[in-house]
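Following the hints, position chain B against chain A.
Number of protein chains: 2
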Amino acid sequence: MIQPLIVKDKMKIGILGLGLIGGSLGFDLKSQGHYVLGVSRRESTCKKAMEIGSVDQAATELSLLSTAEIVFICTPIGLIVPQVEKLISHIPKTTIITDVGSVKTPIVQGISPLWKNFVGGHPMAGNTDVGIDAAQRNLFVDRPYVITPADNTPSHAIKILEEIVRSIGSIIYHCSPEKHDRAVSWISHLPVIVSASLVAACLDESDTEIFQLAQNFASSGFRDTSRVGAGNPELGVMMAQYNRQALINSLHQYRHNLDHFISLIEQENWEMLTEQLKLNQQSRPRFL
Amino acid sequence: MIQPLIVKDKMKIGILGLGLIGGSLGFDLKSQGHYVLGVSRRESTCKKAMEIGSVDQAATELSLLSTAEIVFICTPIGLIVPQVEKLISHIPKTTIITDVGSVKTPIVQGISPLWKNFVGGHPMAGNTDVGIDAAQRNLFVDRPYVITPADNTPSHAIKILEEIVRSIGSIIYHCSPEKHDRAVSWISHLPVIVSASLVAACLDESDTEIFQLAQNFASSGFRDTSRVGAGNPELGVMMAQYNRQALINSLHQYRHNLDHFISLIEQENWEMLTEQLKLNQQSRPRFL
Numbered sequence: 001m002i003q004p005l006i007v008k009d010k011m012k013i014g015i016l017g018l019g020l021i022g023g024s025l026g027f028d029l030k031s032q033g034h035y036v037l038g039v040s041r042r043e044s045t046c047k048k049a050m051e052i053g054s055v056d057q058a059a060t061e062l063s064l065l066s067t068a069e070i071v072f073i074c075t076p077i078g079l080i081v082p083q084v085e086k087l088i089s090h091i092p093k094t095t096i097i098t099d100v101g102s103v104k105t106p107i108v109q110g111i112s113p114l115w116k117n118f119v120g121g122h123p124m125a126g127n128t129d130v131g132i133d134a135a136q137r138n139l140f141v142d143r144p145y146v147i148t149p150a151d152n153t154p155s156h157a158i159k160i161l162e163e164i165v166r167s168i169g170s171i172i173y174h175c176s177p178e179k180h181d182r183a184v185s186w187i188s189h190l191p192v193i194v195s196a197s198l199v200a201a202c203l204d205e206s207d208t209e210i211f212q213l214a215q216n217f218a219s220s221g222f223r224d225t226s227r228v229g230a231g232n233p234e235l236g237v238m239m240a241q242y243n244r245q246a247l248i249n250s251l252h253q254y255r256h257n258l259d260h261f262i263s264l265i266e267q268e269n270w271e272m273l274t275e276q277l278k279l280n281q282q283s284r285p286r287f288l
Numbered sequence: 001m002i003q004p005l006i007v008k009d010k011m012k013i014g015i016l017g018l019g020l021i022g023g024s025l026g027f028d029l030k031s032q033g034h035y036v037l038g039v040s041r042r043e044s045t046c047k048k049a050m051e052i053g054s055v056d057q058a059a060t061e062l063s064l065l066s067t068a069e070i071v072f073i074c075t076p077i078g079l080i081v082p083q084v085e086k087l088i089s090h091i092p093k094t095t096i097i098t099d100v101g102s103v104k105t106p107i108v109q110g111i112s113p114l115w116k117n118f119v120g121g122h123p124m125a126g127n128t129d130v131g132i133d134a135a136q137r138n139l140f141v142d143r144p145y146v147i148t149p150a151d152n153t154p155s156h157a158i159k160i161l162e163e164i165v166r167s168i169g170s171i172i173y174h175c176s177p178e179k180h181d182r183a184v185s186w187i188s189h190l191p192v193i194v195s196a197s198l199v200a201a202c203l204d205e206s207d208t209e210i211f212q213l214a215q216n217f218a219s220s221g222f223r224d225t226s227r228v229g230a231g232n233p234e235l236g237v238m239m240a241q242y243n244r245q246a247l248i249n250s251l252h253q254y255r256h257n258l259d260h261f262i263s264l265i266e267q268e269n270w271e272m273l274t275e276q277l278k279l280n281q282q283s284r285p286r287f288l
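Protein sequence lines, in the order shown, are assigned to chains A and B. Take the first sequence: its letter number 166 is residue 166 in my numbering, and every next letter is one higher. Take the second sequence: its letter number 167 is residue 167 in my numbering, and every next letter is one higher.
With the rest of the complex left out, here is chain A (with noise of 0.2 Å):
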């Protein structure tokens, strides 16, 4: 048990793009007394993260990364492996690398034959708000983090990054990439495309008297129903894009049961449509 005395040491830690959540690292990193060293395209965010006490040294120049001694990659997931590619040619091979991608599968293969010391992470936190304007502090406290290390992922790495998640107060989660990805499939990428196909069909009624009162009659419950639909189309392209087949298996699953649904009204099978509403109700809490 000698794994904890090393990160109860102060240690170099680096962050490599510093929107929302490398912001939001920073805040709490420092304040646990490590020195933490940022790394961003934008030399205006660089300065940003200074003043605001994000970071205690920042730059655009990876080299500032080169005495970490754990990096988190934060940048936009598309940019994640590229940056990685990058990076590994300034740092020594004892540098623990992590990101925290909404998606893993594709990170982790992309990083895994570049780098031993990687652990891939999921910090599912964060709001609607992007860039180092909305970083915040504690935005991690109480919420999963979930670590998907590899079969030969050094535990020593994992260790360290577990040490640095509990000390941001978050709640770890350990599985496999492929169970990350399905499991975010289902509570984070069918709800955008399940609500967005919700407001690409109302927007395709064609009578103008009936859209205009469906927009004037609009309430709490098309308000929350649509929300992740209408969100962030960057945010959205991404996850389908990086999270495509486990995305797609979901989209199908959920088809079946829509139809299973409009089926119980065209019969007018009110028993059964009752049974699943009770169902429904019974079990959503099981998720909140």
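Warning: the hint list may mix true and false statements.
Remember, identical chains collapse to one label, so a pair may be satisfied in a single copy or spanning two.
[Said to hold, decoys possible] DMTMM-like mimics (lysine to aspartate or glutamate), calculated; alpha carbons at most 20 Å apart, straight line: (1) K278 x E234; (2) K278 x D204; (3) K116 x E61; (4) K30 x D204; (5) K159 x D224; (6) K86 x E69; (7) K278 x D129; (8) K116 x E69.
The set of hints was computed from the structure by calculation and includes no laboratory data. Values in this document were obtained by computation on a predicted structure and should not be read as measured data.
Just chain B now, kept in the frame of chain A:
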């Protein structure tokens, strides 16, 4: 312009059904100085309504309403027509009847042949609680109140209802029962089945580890999108029963839009997916 005078006078107003809507209406009408007569099937509800000051007088017998100038039918939707059939033997032909049902075509079709002075209505207010205990003051302020007169509805009956609706702070809309039902099928009833299918699909995940992870990871996106699909089963079945055809039409259009999204993702048509999500993002605020 004599009509406004009629309703500046204090009226005797009947409320049949003392639940959330009926009880709340009683509060606001009493505070306008009207004399409110309430009828409920249950003695205990009558007692409670008087105790809290929602009505001036209450009874379980319909004969209490014989002196009312206008009666609001606030029962569950399936009881509206049967209750009106019983009520009309107790009231003079001059009494105005209106209802608060959330579907209008079957109600208007059922009552119009029985009663000349009938005006269909739908106050779009409420919350997830039910019963007289959930009744509250000012529930209808700034909320839509849809009035669905037929071609032969007497104009003085419409005017009196309008004045009352205006006095409780609602925003008045007029449309045909059919257009009302098609509009609410988009923004109120379709979201229930869309959301219910989401919950049902997640419950069908057969890998127990993934199912458990999905429950642990579910956050605000799942919470909002699944809310109306796991609400009161009786309300869900009633809206499907009474607005069946409009809901089926909306569901078929929805399935068409869903299939389009699935095919964009299967074909990796990220450009079109981006366009559709951008359109959603731009258009949704019109519904809020």
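Run through the hints listed earlier and report the numbers of any the structure violates, in increasing order. 3, 4 and 5
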